[in-house]
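Enquirer: Single-letter residue listing:
There are 4 protein chains.
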Amino acid sequence: MTFNDCLRDETPWDADGDKLREECGIFGVIGSADAAAMTALGLHALQHRGQEACGIVSWDGKEFFARRGLGHVAQVFTDPAVIAQLPGQMASGHVRYSTTGGQGLRNVQPLHADLARGGFSIAHNGNISNAMHLKQELVNKGAIFQSTSDTEVIIHLIATSRYPTLMDRLVDALRMVEGAYSLICMTPKRMIACRDPLGIRPLVMGRIGDSYIFASETVALDVVGAEFVREIEPGEIVEVRQDGRLSSHRPFGNQASRPCIFEHVYFSRPDSVLGGHSVYEVRRQIGAELAIEAPVEADLVVPVPDSGVPAAIGYAQQSGIPFGLGIIRSHYVGRTFIQPSDGARHADVKRKHNANRALVAGKRIVLIDDSIVRGTTSMKIVQMMRDAGAKEVHFRVASPPTNNSCYYGVDTPERHKLLAARMDVPAMTEFIQADSLAFVSIDGLYRALGEKQRNAGCPQHCDACFTGDYPTRLTDLADRDAEDDQLPLTVETAA
Amino acid sequence: MTFNDCLRDETPWDADGDKLREECGIFGVIGSADAAAMTALGLHALQHRGQEACGIVSWDGKEFFARRGLGHVAQVFTDPAVIAQLPGQMASGHVRYSTTGGQGLRNVQPLHADLARGGFSIAHNGNISNAMHLKQELVNKGAIFQSTSDTEVIIHLIATSRYPTLMDRLVDALRMVEGAYSLICMTPKRMIACRDPLGIRPLVMGRIGDSYIFASETVALDVVGAEFVREIEPGEIVEVRQDGRLSSHRPFGNQASRPCIFEHVYFSRPDSVLGGHSVYEVRRQIGAELAIEAPVEADLVVPVPDSGVPAAIGYAQQSGIPFGLGIIRSHYVGRTFIQPSDGARHADVKRKHNANRALVAGKRIVLIDDSIVRGTTSMKIVQMMRDAGAKEVHFRVASPPTNNSCYYGVDTPERHKLLAARMDVPAMTEFIQADSLAFVSIDGLYRALGEKQRNAGCPQHCDACFTGDYPTRLTDLADRDAEDDQLPLTVETAA
Amino acid sequence: MTFNDCLRDETPWDADGDKLREECGIFGVIGSADAAAMTALGLHALQHRGQEACGIVSWDGKEFFARRGLGHVAQVFTDPAVIAQLPGQMASGHVRYSTTGGQGLRNVQPLHADLARGGFSIAHNGNISNAMHLKQELVNKGAIFQSTSDTEVIIHLIATSRYPTLMDRLVDALRMVEGAYSLICMTPKRMIACRDPLGIRPLVMGRIGDSYIFASETVALDVVGAEFVREIEPGEIVEVRQDGRLSSHRPFGNQASRPCIFEHVYFSRPDSVLGGHSVYEVRRQIGAELAIEAPVEADLVVPVPDSGVPAAIGYAQQSGIPFGLGIIRSHYVGRTFIQPSDGARHADVKRKHNANRALVAGKRIVLIDDSIVRGTTSMKIVQMMRDAGAKEVHFRVASPPTNNSCYYGVDTPERHKLLAARMDVPAMTEFIQADSLAFVSIDGLYRALGEKQRNAGCPQHCDACFTGDYPTRLTDLADRDAEDDQLPLTVETAA
Amino acid sequence: MTFNDCLRDETPWDADGDKLREECGIFGVIGSADAAAMTALGLHALQHRGQEACGIVSWDGKEFFARRGLGHVAQVFTDPAVIAQLPGQMASGHVRYSTTGGQGLRNVQPLHADLARGGFSIAHNGNISNAMHLKQELVNKGAIFQSTSDTEVIIHLIATSRYPTLMDRLVDALRMVEGAYSLICMTPKRMIACRDPLGIRPLVMGRIGDSYIFASETVALDVVGAEFVREIEPGEIVEVRQDGRLSSHRPFGNQASRPCIFEHVYFSRPDSVLGGHSVYEVRRQIGAELAIEAPVEADLVVPVPDSGVPAAIGYAQQSGIPFGLGIIRSHYVGRTFIQPSDGARHADVKRKHNANRALVAGKRIVLIDDSIVRGTTSMKIVQMMRDAGAKEVHFRVASPPTNNSCYYGVDTPERHKLLAARMDVPAMTEFIQADSLAFVSIDGLYRALGEKQRNAGCPQHCDACFTGDYPTRLTDLADRDAEDDQLPLTVETAA
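Chains as they are written, first to last, in full-length UniProt numbering: chain S, 1 to 495; chain A, 1 to 495; chain W, 1 to 495; chain B, 1 to 495.
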């Protein structure tokens with residue numbers, strides 16, 4: 001659906017909204033007696049893709065069962081009694097980060113509807129970039145939306161399609177939408193997994209025993225003990241029937257793919273394998289590229305925990321400068337906390353991270369982080385290192401400057417809040433008060449991914465957040481620029 | 001929506017499902033700075049019409065705000081912060097008893113939808129007797145239902161109507177539905193209150209300052225300090241605009257009305273005034289009629305608390321037999337309770353009611369109750385009186401035998417579970433083990449309402465529960481008898 | 001422990017603190033496999049004696065188990081799993097109303113301590129009038145109190161007594177205390193029930209099968225199906241061993257008893273039998289006495305619900321004036337509620353009680369209440385009747401003027417807040433705006449109890465609240481008047 | 001109070017009880033307007049020392065205020081309203097891990113009592129090894145205990161001491177206790193911090209503005225922005241009065257100190273400074289010692305996250321073998337979780353940690369962990385590495401074999417459950433299925449702490465868990481071996 005935090009929803013950096021956030025993770029399994037329990041485990045492994053809410057829908061051959069809740073998977077699906085209320089051999093689930101204004105349970109996926117031919121559920125990772133446009137047309141014809149989610153547009157397009165079979169209706173609907181989507185759908189007869197023609201958001205297939213599994217990342221296969229089969233290909237629709245027969249459809253023809261490059265930088269877990277690459281190894285390699293592109297004389301390489309660790313290891317190994325934990329992260333962090341009114345400056349930061357003063361004092365250090373979004377936390381970390389006695393603080397970033405918003409399911413701040421959209425590198429260096437600052441180059445990033453360089457004519461990835469080169473039309477954005485007309489929506493307060 | 005308990009959801013009798021239950025109460029106010037708080041108070045006074053869930057929707061001139069919850073009004077709307085989240089000068093609310101299968105929050109009213117012309121909310125008391133039929137047609141055309149409520153049918157009919165104005169669309173929709181409905185609707189510009197052509201369920205209008213109020217009963221006017229203006233007439237649509245202009249529409253022509261007679265027997269609160277009659281006085285008068293129709297030699301008239309009290313007072317006054325509290329009701333009753341495994345037989349009954357042994361012992365008593373549904377609790381009360389030493393127990397019932405189901409918004413047991421549908425009076429007397437048993441006659445009941453007798457050709461009330469004379473078609477019932485085909489529905493477990 | 005509300009903790013009258021409150025009810029059972037479940041049921045029947053908190057302690061032959069909670073019995077002990085955590089054949093329980101400042105769980109009884117000889121638990125109804133005095137002495141010797149309850153003094157006196165056996169230690173302790181106490185104690189070997197030498201607070205014994213039961217009122221025997229055996233006599237200590245042997249001790253000699261007369265007026269449930277009298281019948285008889293002592297020409301006798309009902313029936317029967325429900329009480333009342341800021345004057349009263357306008361309008365009415373404490377609610381009820389159109393409102397009270405505080409376990413307002421302590425009857429009549437006002441005489445009250453009159457030299461009851469004639473010394477009160485020195489106490493906020 | 005988990009209460013290893021657990025952390029501040037908020041922050045930084053419950057007591061010059069709760073600091077003390085209920089310029093707090101049987105709130109510290117001279121509160125880290133012995137004596141004299149905590153013994157000893165001043169009573173009490181204690185006490189006039197004569201458990205003093213702070217570790221000073229002043233010395237009693245005057249007492253004479261060595265190995269946070277040493281640096285140094293003492297040919301050094309990281313960095317740097325994250329830890333872990341009944345073997349482990357397969361496959365790896373307790377998780381980790389394709393797995397442990405229980409406030413398994421107490425190193429190697437296994441030597445550990453070696457005649461630390469050399473008498477243990485007689489205790493179930 002949109003952008004969101006990977007491994008760190010609770011870091012102080014995040015408290016400042018200073019990381020991009022993946023909006024969703026999805027998981028589905030068909031053919032297992034333990035479908036709902038497996039789905040809960042799988043969602044747990046995808047928790048970094050969305051911490052605000054989660055849901056599971058199951059089908060037991062006669063009825064659909066649904067459970068949605070606000071909070072982490074471990075909160076909503078901990079109770080075995082809850083899992084027992086989700087019977088059947090097919091289940092799918094969703095974790096999400098909230099979208100603007102979308103309070104309440106009604107936006108929590110998988111969405112489900114009772115269509116004329118029977119129940120239909122859908123779990124979506126990505127963002128439909130012409131959703132508002134399509135919604136207005138549907139409402140004018142009498143459709144009643146129950147959520148503010150772009151995903152519901154797909155359901156209404158299916159419900160009102162004139163094609164006879166569900167598969168035809170689905171293809172009919174998807175032809176009308178633009179943007180990014182990885183979907184896991186369920187009907188009384190089958191599970192359907194598909195990925196948009198550019199394959200912007202990830203989706204993999206696994207297998208355990210007679211069950212097929214679909215998930216946003218390979219770590220969700222690992223946790224349930226499934227083996228990785230292959231990625232769903234861009235534009236592919238995979239259908240698995242109740243009896244286990246699998247078929248693949250390619251209704252959109254062939255097209256060069258553009259998978260999101262930021263998954264490698266930050267979104268995916270380091271132990272996932274994505275597009276054939278170990279995420280950890282790519283990040284370590286980016287660190288090595290960075291050490292080559294932006295060397296510095298220093299005594300210690302310090303990662304910003306935890307997402308900077310692999311790149312810091314790479315930087316240290318390439319440069320020969322020792323690696324050390326100059327910042328210690330607390331394991332006990334809650335969302336909110338009281339704040340003493342005096343004395344304890346930056347207590348919110350300190351209760352989450354603390355400088356390892358004895359290690360840092362008197363040293364020239366290289367701080368490694370994966371990206372800079374607003375820059376406010378980078379500034380605080382630099383200050384924390386100086387307060388701890390660091391002699392010099394050099395900042396190195398394992399991605400190019402992030403200077404464009406994402407419209408494919410990632411929650412990015414407005415463009416004018418992106419530090420790199422507001423100033424050049426010397427100004428940024430001064431803003432964060434570092435002794436030096438450097439980003440890996442866009443070609444360095446592609447090299448870490450095994451490419452020779454970025455193919456400017458036909459880029460191998462969607463890298464719009466770094467380059468502004470968007471691979472699809474952005475209809476709603478164009479409409480919004482034209483007018484500021486939105487449907488009034490009821491504000492439902494949480495129970 | 002359906003049948004339900006009035007003043008006694010927590011009596012042991014009710015625990016046995018031995019009272020009919022009114023399914024809903026509705027309340028709306030327009031033109032008050034305190035709209036949501038007034039609505040909460042009004043719903044509280046209507047709590048006896050539905051104890052399972054409640055909701056309020058408000059409109060502040062720009063947005064709709066909604067809050068729904070399971071439980072009593074005093075639980076869901078106690079917190080001033082909750083009321084503060086429902087701003088604006090127009091609000092409407094609903095209390096409901098649950099329908100079969102309808103777990104979860106999605107059936108809690110007022111329902112709300114974002115239509116092409118803007119938001120629309122609806123609170124409904126009654127039952128649409130062709131709802132399933134209309135729903136199937138709508139789904140076939142691509143409509144997606146979010147609830148299992150019959151009320152949602154009305155919204156979809158409005159959304160898909162081809163008429164241009166909302167008022168025309170509403171009339172268009174209501175022409176298609178059959179059954180019982182008192183409605184309070186809100187649009188961004190006005191509040192609309194209406195009652196089905198037969199006026200089966202009640203709806204009154206009140207006024208306080210510049211505000212208009214609509215409510216199921218006059219007690220809801222009393223609690224907010226409003227004066228009673230008049231009842232909404234059968235088939236009338238009353239529209240109040242934001243500027244206070246009121247207009248009345250009669251799109252369905254004229255027709256003899258058939259208001260529910262059971263409101264007088266049990267549903268309405270004794271301090272309400274309904275159809276020009278004091279509910280308390282009618283009940284007292286039924287007791288007097290009963291004393292004339294079914295006299296008995298006895299020492300004490302004992303009401304079954306609390307609904308039998310007014311009729312018992314009437315019986316005592318007419319017969320000259322002293323009135324006394326032979327059964328004491330506990331004020332502290334919860335839904336469930338532990339049960340000792342031995343020793344304490346009928347502890348569930350005893351912890352809620354206790355015989356006033358010192359009063360009852362050695363006496364010939366007349367027990368007065370408002371109605372008999374299944375008869376199981378009548379049997380227990382008779383036994384309780386005998387255990388306390390009563391010499392004779394005569395049972396008198398302040399309504400005719402209840403032997404037909406209701407399809408107009410009251411939750412009745414299946415017909416074969418109604419005692420009066422299964423046996424005649426002598427058999428019932430033996431079943432409840434009374435020394436004698438008598439019901440007021442149907443004409444006696446009409447006399448207590450000031451009529452000379454029931455007009456058989458054109459009854460003055462809907463009395464189908466006593467006579468089987470249903471005033472409308474019952475399309476869904478006919479369909480259900482024909483086939484057993486229902487749409488599959490997702491089971492959403494409560495959060 | 002102190003004073004408290006009987007049947008009406010949630011009436012608006014109560015919200016104004018306008019009823020005296022019994023502070024406690026106690027229950028114990030020995031010899032039943034269902035001891036804890038029976039205790040929960042028994043406490044439920046005694047709920048009117050204390051609605052703020054409750055607790056149960058059980059003994060399974062090896063260990064004591066305890067559970068205490070804030071709230072009603074039906075909230076704290078509803079879950080069978082909770083009862084299952086209270087195993088064993090002996091259990092005792094307590095319901096209480098809060099004392100001043102005594103927030104938190106630590107004052108909730110039964111109190112329990114691990115003494116040198118083993119565990120000891122105690123449940124207390126009454127109030128020790130020299131508790132502060134004894135506590136100061138104990139603390140000076142090194143005792144550490146864990147509660148602010150007067151009851152804990154008894155435990156420390158037992159713990160530090162020099163006598164060898166527990167029974168001797170208990171008698172030693174009780175000789176030191178003054179005031180009112182009905183106690184149910186448990187040790188690993190037996191249950192001990194006792195009553196202070198004057199028998200101020202009630203305590204009865206019952207039997208079911210091989211189990212003995214002790215309880216504050218007979219209704220608690222009824223609810224568990226036990227038969228009433230006898231009252232514990234003033235100054236008696238009854239001991240029941242695990243093997244069922246019962247013995248009775250009279251260590252304090254003989255003395256004329258002085259049981260609380262207000263139990264008959266208001267505290268006890270109408271279906272209890274106390275001192276050989278039906279509570280309901282005594283109240284009805286007080287109403288009849290009142291009709292003789294203070295007759296009036298009127299059209300309708302209206303009880304203030306619910307405690308005024310028996311006396312109103314008596315008044316109506318004696319006077320021949322019809323009885324009618326002129327005030328209807330809502331069954332759905334919660335502790336707190338939002339209040340509209342305008343329009344709805346007295347909404348808090350109206351949502352709990354509503355005038356039965358159609359009955360009252362145009363009539364001369366006699367209002368009957370059990371007592372007047374502060375008078376503020378009496379004033380509101382008179383006004384409510386006038387607003388409903390009553391032509392005349394005559395107020396009759398089924399007890400003498402309450403003009404003294406209680407120090408024996410009833411929560412009375414300070415003396416200067418008692419209306420009858422501030423003004424005479426004509427002034428009170430004007431204060432509550434009634435057309436006339438009369439109280440039953442003290443001798444009329446004793447007559448309703450079967451006495452010829454009050455024996456002024458040696459009153460048959462404690463009637464200090466009406467007469468100021470206190471049957472014991474009031475040491476703490478004297479001390480408090482001397483100085484204002486209290487131990488500092490930690491304020492523990494509820495979790 | 002006893003042993004407990006440092007940074008990892010939620011790791012799978014911990015789920016197996018496979019880490020020792022520090023039982024407590026304490027914090028106190030005097031002289032700050034923000035005392036309670038500072039204490040909450042300080043406790044948060046000490047959360048790793050106890051995750052089961054926490055409490056804060058404050059003094060506002062007139063009254064003590066207390067709040068205790070089960071759960072993390074961020075759960076119990078998040079709400080500013082809760083902090084607002086703890087007013088005053090002096091506050092102290094406690095985090096704890098539960099002791100055996102000690103359910104419920106009554107054992108949560110700080111404990112507080114109202115003594116004859118006024119209120120007294122105490123927060124304790126450590127364990128009194130003759131507590132049961134002293135308790136029996138006190139109970140025999142009439143003392144009533146409200147908790148099962150050893151700490152309460154100190155309070156009763158103070159309450160019953162014959163000395164006149166509180167300071168004398170405290171010293172009198174402490175002379176009678178044996179074992180380990182770091183205490184923070186509060187009276188209406190002052191804060192008192194002290195440490196047992198051997199200084200077994202840590203306690204430091206800090207300063208910010210005019211406030212003094214006492215805390216278990218320096219990280220708690222860091223989080224509130226205070227500067228480190230010094231450690232409280234073994235046997236020292238530091239007293240700070242309300243006016244800020246500080247005095248130090250040494251009533252126990254001089255003695256060689258024996259601070260716990262395991263604080264350096266595992267309990268303390270790596271960013272704390274303890275006994276003049278950076279905890280991080282000591283751990284890194286242990287890793288280097290281990291590389292010297294137990295070298296191996298390998299391709300990758302893999303830490304067991306997170307406690308093995310510093311030693312792994314040291315091992316890698318010393319050996320020249322690359323360091324890499326071969327195990328990825330999930331940041332989203334809850335206490336319990338559903339378990340699929342088939343398919344997903346070891347799902348509980350996998351949802352918390354996942355092998356970084358791409359990094360580990362085909363390599364010879366050295367796993368570094370801080371200690372081995374039961375060995376079951378070591379076995380699972382070795383297996384996880386082999387499943388991920390590791391060619392060889394060599395296990396290195398950054399502490400000597402743990403083969404004795406702790407009686408000084410650490411929760412250790414019974415001795416026969418300690419792997420090192422049951423078998424020698426070759427057997428352990430086979431048990432965990434490693435290719436090789438080595439522990440750092442006891443002298444190597446002392447070397448990492450800057451000593452030349454362990455001084456066998458007079459060890460510089462308490463290292464009983466490694467050597468069995470206990471520095472105090474263990475009276476209760478001796479008593480327990482003699483008999484098995486314990487006081488019966490009431491089981492209070494949580495509300």
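Keep in mind the hints are simulated off the structure, nothing from the lab.
Glycine included, each C-beta is placed from N, C-alpha and C at the ideal position.
One or more of the hints may lead you astray.
Unchecked claim - Quick partial rundown of chain B residues pointing at chain W, CB under 8 Å, derived from the structure: (1) A113; (2) A116; (3) I155; (4) H156; (5) Y163; (6) P164.
Unchecked claim - Here are the computed lysine-lysine pairs in the DSSO-like style, where the Cα-Cα straight-line distance is at most 27 Å: (7) K391(B) x K189(W); (8) K452(A) x K189(S); (9) K391(S) x K380(S); (10) K380(S) x K417(S).
Enquirer: Does each hint hold? Answer for all of them.
Expert: Checked hints:
At its closest, the beta carbon of A113(B) sits 5 Å from a beta carbon of chain W; the interface hint therefore holds under the 8 Å criterion. Satisfaction of the interface hint for A116(B) is found here, the shortest Cβ-Cβ separation to chain W being roughly 5 Å, below the 8 Å cut-off. At its closest, the beta carbon of I155(B) sits 7 Å from a beta carbon of chain W; the interface hint therefore holds under the 8 Å criterion. The interface hint given for H156(B) is met, as the beta carbon of that residue sits about 7 Å from the closest beta carbon of chain W, less than 8 Å.
Interface restraint check: Y163(B) against chain W, minimum CB-CB distance 12 Å, threshold 8 Å, status violated. Hint status for P164(B): violated, given a least beta-carbon distance of 13 Å to chain W, over 8 Å. In summary, the hint linking K391(B) to K189(W) is not supported, as the alpha carbons are separated by about 67 Å, beyond the 27 Å threshold. The straight-line distance between the Cα atoms of K452(A) and K189(S) is roughly 63 Å, outside the 27 Å bound, and the hint therefore fails.
For the hint pairing K391(S) with K380(S), the CA-to-CA distance comes to about 16 Å; that is within 27 Å, so the pair holds. Restraint check: the Cα-Cα separation between K380(S) and K417(S) comes to about 17 Å, which is no more than 27 Å; the hinted pair holds.
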